[in-house]
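Asks: Below, each chain spelled out in residue letters.
6 protein chains.
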Amino acid sequence: MSHSTVFAAEMPWPDYQKRVQNGDVPVLIPLGSMEQHGHHMPMHVDVLLPTEFARRVARQVGALVAPPFTYGYKSHQKSGGGNFFPGTTSLDGATLVNALKDVVKEFVRHGVRNLCIVNGHFENSWFITEAIDLALRELDWGDIHDVKVVVLSYWDFVDQASIEKLYPNGFLGWDIEHGGVLETSLMLRLHPDLVSLQDAVEHAPATFPPYDVYPAKPEWTPASGTLSSPKEATAEKGDILLDVCTRGIAEALKAEFGLPAALAKTN
Amino acid sequence: MSHSTVFAAEMPWPDYQKRVQNGDVPVLIPLGSMEQHGHHMPMHVDVLLPTEFARRVARQVGALVAPPFTYGYKSHQKSGGGNFFPGTTSLDGATLVNALKDVVKEFVRHGVRNLCIVNGHFENSWFITEAIDLALRELDWGDIHDVKVVVLSYWDFVDQASIEKLYPNGFLGWDIEHGGVLETSLMLRLHPDLVSLQDAVEHAPATFPPYDVYPAKPEWTPASGTLSSPKEATAEKGDILLDVCTRGIAEALKAEFGLPAALAKTN
Amino acid sequence: MSHSTVFAAEMPWPDYQKRVQNGDVPVLIPLGSMEQHGHHMPMHVDVLLPTEFARRVARQVGALVAPPFTYGYKSHQKSGGGNFFPGTTSLDGATLVNALKDVVKEFVRHGVRNLCIVNGHFENSWFITEAIDLALRELDWGDIHDVKVVVLSYWDFVDQASIEKLYPNGFLGWDIEHGGVLETSLMLRLHPDLVSLQDAVEHAPATFPPYDVYPAKPEWTPASGTLSSPKEATAEKGDILLDVCTRGIAEALKAEFGLPAALAKTN
Amino acid sequence: MSHSTVFAAEMPWPDYQKRVQNGDVPVLIPLGSMEQHGHHMPMHVDVLLPTEFARRVARQVGALVAPPFTYGYKSHQKSGGGNFFPGTTSLDGATLVNALKDVVKEFVRHGVRNLCIVNGHFENSWFITEAIDLALRELDWGDIHDVKVVVLSYWDFVDQASIEKLYPNGFLGWDIEHGGVLETSLMLRLHPDLVSLQDAVEHAPATFPPYDVYPAKPEWTPASGTLSSPKEATAEKGDILLDVCTRGIAEALKAEFGLPAALAKTN
Amino acid sequence: MSHSTVFAAEMPWPDYQKRVQNGDVPVLIPLGSMEQHGHHMPMHVDVLLPTEFARRVARQVGALVAPPFTYGYKSHQKSGGGNFFPGTTSLDGATLVNALKDVVKEFVRHGVRNLCIVNGHFENSWFITEAIDLALRELDWGDIHDVKVVVLSYWDFVDQASIEKLYPNGFLGWDIEHGGVLETSLMLRLHPDLVSLQDAVEHAPATFPPYDVYPAKPEWTPASGTLSSPKEATAEKGDILLDVCTRGIAEALKAEFGLPAALAKTN
Amino acid sequence: MSHSTVFAAEMPWPDYQKRVQNGDVPVLIPLGSMEQHGHHMPMHVDVLLPTEFARRVARQVGALVAPPFTYGYKSHQKSGGGNFFPGTTSLDGATLVNALKDVVKEFVRHGVRNLCIVNGHFENSWFITEAIDLALRELDWGDIHDVKVVVLSYWDFVDQASIEKLYPNGFLGWDIEHGGVLETSLMLRLHPDLVSLQDAVEHAPATFPPYDVYPAKPEWTPASGTLSSPKEATAEKGDILLDVCTRGIAEALKAEFGLPAALAKTN
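Protein chains in written order, with numbering that gives the first Met the number 0: chain U, 0 to 266; chain Y, 0 to 266; chain A, 0 to 266; chain R, 0 to 266; chain E, 0 to 266; chain C, 0 to 266.
Honestly, the hints are just simulated from the structure, not real lab data. Watch out, some of these pointers could steer you wrong.
Since copy identity is lost for identical chains, a pair holds within one copy or between any two.
[To be verified] Below 20 Å or equal to it, Euclidean Cα-Cα: the simulated PhoX-like pairs (lysine-lysine) are: (1) K17 - K216; (2) K216 - K230; (3) K147 - K216; (4) K164 - K253; (5) K147 - K253; (6) K164 - K216; (7) K77 - K147; (8) K164 - K230; (9) K77 - K216; (10) K17 - K230; (11) K216 - K253; (12) K164 - K147.
Same shape as in the complex, but just chain U (with noise of 0.2 Å):
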């Protein structure tokens, strides 16, 4: 068995442990959901493009990979689609702040000192801010106060430029981007077995009122369940974007993290 992993539930303990144990090696839990993503790809997209991050950059600093959170928080009309969805399988906000305020809890146990949640479902963003500062002030009751955490979503280390390459046509906010072009061309490079792109419903972006309406009106999404078109996504998009954001996302944690540079691995 090569232990050249860095996906830490492939290790045995002993392994994991040598690790950990003094605190400089960072742990990346990739944080997803099971939620249609048109009639083009597959549900757990945000789960495979996150844990891919994390695995790219585990390689680059020096860290490991928790298993990823298969589950995530409510579709939101804006942003996926909606929860009505057959197929989009949600969580309960509170139950999704405390799975993760557990699980960080537990790798501070382990004696992890640097946590970096990567998130690729975006509606599940709040519930991480209030799982790490739950999982924080309990630590600071068990008297822990040396652990830092960062968190990020992928897609917010997409740098101008790239914007202009991958949308020469403009740029209409990530929101809409659910099942669209970024989330597409990651497919296409990483899973062209998984995307069926001749199955893609175009359409006109979708356009929403400045609210929310609640119960959500269907007729307000694409029939599809994409928010965008995904037809002008390429594989060579997808590797500009796992360029821009593995990068990104692995000079941020340098700096946040101090690693030393004997931690960084080659791939």
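Starting from the known structure of chain U, arrange chains Y, A, R, E and C on it as the hints suggest.
Replies: Frame of chain U, contents of chains Y, A, R, E and C only:
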């Protein structure tokens, strides 16, 4: 893209919807843990094994497999070594209860009426019971009364004849099989690259007094983390286990869900 | 006593009952916070502003205004400076979710069927989403299926034309408007006695890396607590904002609640 | 802007910080409700009155007043008419407990060490007790052991001499004072525009059997919602009440918090 | 075995089922505490007394008695001395609420429709209110709308005539009766072997300021833990109390539950 | 009054305080249930038996016995017949966890450092585990690190030699002993007046498939509610059980708590 997958999250939502909307197709939910399994096996054994049983059974009975739960309840000293091991990463009981409750209710929203929890981590058992009880209560409040849930742990389907083949020198109980012949044989058969039997520590089966003590006493658990020696594990024993458990679970689901012959697929 | 008030809590219950019992009259619930807003503004800006928008809209569309929520979710570093500031006084996520859920269900018990959450504090957003989802779920359990809730933040109704008038030198996003031109202009127009613009600290707009860190790093937030300079704020800009947002919200409610003309009052 | 306000939320944070950072200045938190108070009074009586007592006391003892809780615990039949009245808008017990717990802990984070809960709604009482107990427990976990909380309901400071002046025909207990002489006199003195005594319904004092029944029996409560007649209320009685309660509360706080003379301001 | 017991838990289930399945037979649930009651009485007074009242009333009206709650809410300084005493062993408010809610719903599942909470510990009162409210809400969600619950504390049935006999020198209120004449007289009559009146500490009735302080100030409570002297307690006074309270409770239940004469048994 | 009782709640608080304040004296907490036990036994068997074991052990080792938990977790079909039986009255898992957590923490507040949970109801087991884990976590937050808790179910102390005497025709496992020879023999020895063996229903031992189904299938449970026949129960077997379990538990506590000889009392 081939839609022959049984993994629900690998499907686009319209394909999934076609399968589940009339309620006949069961959904199997694997429940695992991230838990130390000795020096010779990785920490996601309890995720890999129930997911594989679920996959095989789903093929046979025409069911679908949900994304696995990658974290589970706290490791108990007498069945998992204890929750003090580095690497073991667990949820509070209430967190697991709520997560499973949420997910079950979502599948029912999609139209699913027959569910099966395929457990791979002994300590999850009673929190599964509670989760299902609460989910059915809430579904009842929502005037949904026709949901049926089968709950099982795969090792409970090993029959006496198989036990005699697997443990020719005598069987000491499933509880001390943590990291022992059962799990190691299955892993040798399914994921030999993740097992390094040469690193396994040979020791006499763990024995415990007829009570528990908290905080747990690490000296009660063999230092390796396994509760019985895996040295007699073989891929052939893995075949026996795969066969008897898959067959048993498939029969149980056919009996309980009254599956029409038309649903069953050949693998 | 004049019963011309739109504030539900200023009415005796029989007057209130007459208004709401048939379900036509919407109830607007302002949600705020107690949060630092720089050196030049008080800490209840996020209560005063949505309450005033609610009052104006209620007058126009014949609605009622519920007592405001005086405390809200934790201040986030990138949209409110961070929850480490003295004075900022926040609720846990679950507390806010439950409080709003309880209150919504009570208004429905009275007969109300159309509700609008008028948010004045960005960080409340996702906990409002969850509260409404849980409230509708519980109402559904109680066999009440005809409730409709509009959720909005007043600034989302500022249109592009107004933005150009308000920010002639360019607009950098609502998130860094914390304590800036938007809120200060409204306060100058509505509560000039509570603003001391001469105490405002001029500084470049806050910039943040594309990730969050916890515990928050106070050095990322301008020392004043504002995220952009309020120096360009004027009461005239406040008038523009009052006008465009009040009009937008009123139109949204008329559209969503199908308000009969008879309900609308002139102010 | 005059900084002479005692309302914490009316201050910019630097002014507030100066006042509270060394812990000497007490913070008073008014707790109310939205609850029917008969045909002659609005539904926020229980917010207005404790807020005014807090304001007056704060002036005298050099304290600050936090934003009031605008919603409270469920109206009880024998002290508020019952929670079945339209307009009465209440929180679950756990919600109130958590909200007050959160807010108390935040003030302590700012540096406050002396807090006073000024209750205006009888039914809040035991949930205040629980909230303070839980807040002190969590502060203790966080190694903060020097917080002191005074809990009071303003009417408990009415002495025997005042009772004789207020109720020359005999006093029947605070519980049936809901919407009666006590609250109406105070409102006549403080907010005469919000009282229409001519709309009050005269009736004999409510009498109840020595037990409760759930669901509540509406026929036990006078149809008006008041539990005793407010007809004898006068602004002069309001003066007596304002005087005796303000004085009593101020003395209590001076005694418990050992307030240095230097803090006290004249109004 | 004689089935003449009124204690439901002393019956085999088929006997119990016969009694409760049509919903006519009320179930009485005694609620107590483990709480210090001075030097002369044991700590389960609040369990023994309501259980005995429940037993006597059940005999008279043909009801059954559920197992008592052996732990209750936290002792309050002004009615139980304070929760800082050794021996006093209390539940959090939410725990008591949920426990009583669960149990009430279970009795309703059995067929019971008339329930009575017989409280023996003052501090339980408001958490009983909340538990019953939540239980009825959840039963309503489950489409059960015909449950009626009477909530009472036995001492509230002592009438004025009895008070004059029991307290010839004047009565100071039930709150300071903790460990005093009321409870001691009942214990002398029912469990004289558990009372050692010679160990009672004589002291003036406890007096408290009109507010509470947290953490509680032990010096406010008489060192004995009783709030008034039990020295005037006698078994004869116990007879008076047993008689008036049993009669009052029985009449209340007959009135509220419309008990058919056929159900009443002679003792 | 004789203070020779081992029941903590039968003592006045000063006597109790003397015993527990230095932490040496263990406190034993019996946990039971209200659960059907067939046609021949009452529903509080699971309270009576652990309380009696606790009493006997406490006498031997110088411990005290806390009031028993009179309600427990839901009856499971394979070990208690199922929670659908009339009379079975159960708590949700979270309720039991919180109640036991609260009580353990209170005993620690009194000074107790050695606790033993004496379980009489199989289904409580995992919720006890969770309660103790959470209690120790919170005690740790409060900087109390020297608490030790032994958790046991009395039947686990029956040794092989006794099993052969008790079940001369073969032993089928503790799970189907519900209402069978074990419990009935103990009840015949301790409470013969509560057993009517002639009403017991003779039937073959219950057999179940290797999985659970929810909602439970009543037809799987013998109609009597017992899972094996109690007909072979005798008071003599009760003596064997009393002896072996009492002795085993006492030895366990002596070993774990290092009880000084001076504490042991003769009965």
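Asks: Each of the hints needs a verdict: does it hold here or not?
Replies: Hints, one by one, checked against the model:
Taking CA atoms no more than 20 Å apart as the test, K17 paired with K216 passes in neither setting, with 52 Å inside one copy and 22 Å between copies. Taking the shortest Cα distances, K216 and K230 never come within 20 Å of each other, neither inside one copy (25 Å) nor across copies (41 Å). Taking identical chains as interchangeable, the C-alpha atoms of K147 and K216 lie at most 20 Å apart only when they sit on different chains, with a minimum of 11 Å there against 40 Å within one chain. Proximity of K164 to K253 under the C-alpha cut-off of 20 Å is found in neither arrangement, the shortest distances being 27 Å within a copy and 42 Å between copies.
Taking the closest pair of Cα atoms, K147 and K253 come within 20 Å of each other only inside a single copy of the chain (13 Å); across copies the shortest separation is 43 Å, beyond that limit. When the C-alpha separation of K164 and K216 is checked against a cutoff of 20 Å, the pair qualifies neither within a copy, at 34 Å, nor between copies, at 33 Å. Taking the closest pair of Cα atoms, K77 and K147 come within 20 Å of each other only across two copies (18 Å); inside a single copy the shortest separation is 32 Å, beyond that limit. Taking identical chains as interchangeable, the C-alpha atoms of K164 and K230 lie at most 20 Å apart only when both belong to the same chain, with a minimum of 15 Å there against 37 Å between chains.
Taking the shortest alpha-carbon separations for K77 and K216, only the intra-copy value of 11 Å comes in at or below 20 Å, while the best inter-copy value is 31 Å. In the homo-oligomer, the alpha carbons of K17 and K230 never lie at most 20 Å apart, since the shortest distance is 47 Å inside one protomer and 24 Å across protomers. For the homomeric pair K216 and K253, the shortest alpha-carbon distance between copies (16 Å) is at most 20 Å, but the shortest distance inside one copy (44 Å) is not. When the C-alpha separation of K164 and K147 is checked against a cutoff of 20 Å, the pair qualifies neither within a copy, at 34 Å, nor between copies, at 42 Å.
Going through the hint list in order, the structure does not satisfy hints 1, 2, 4, 6, 10, 12.
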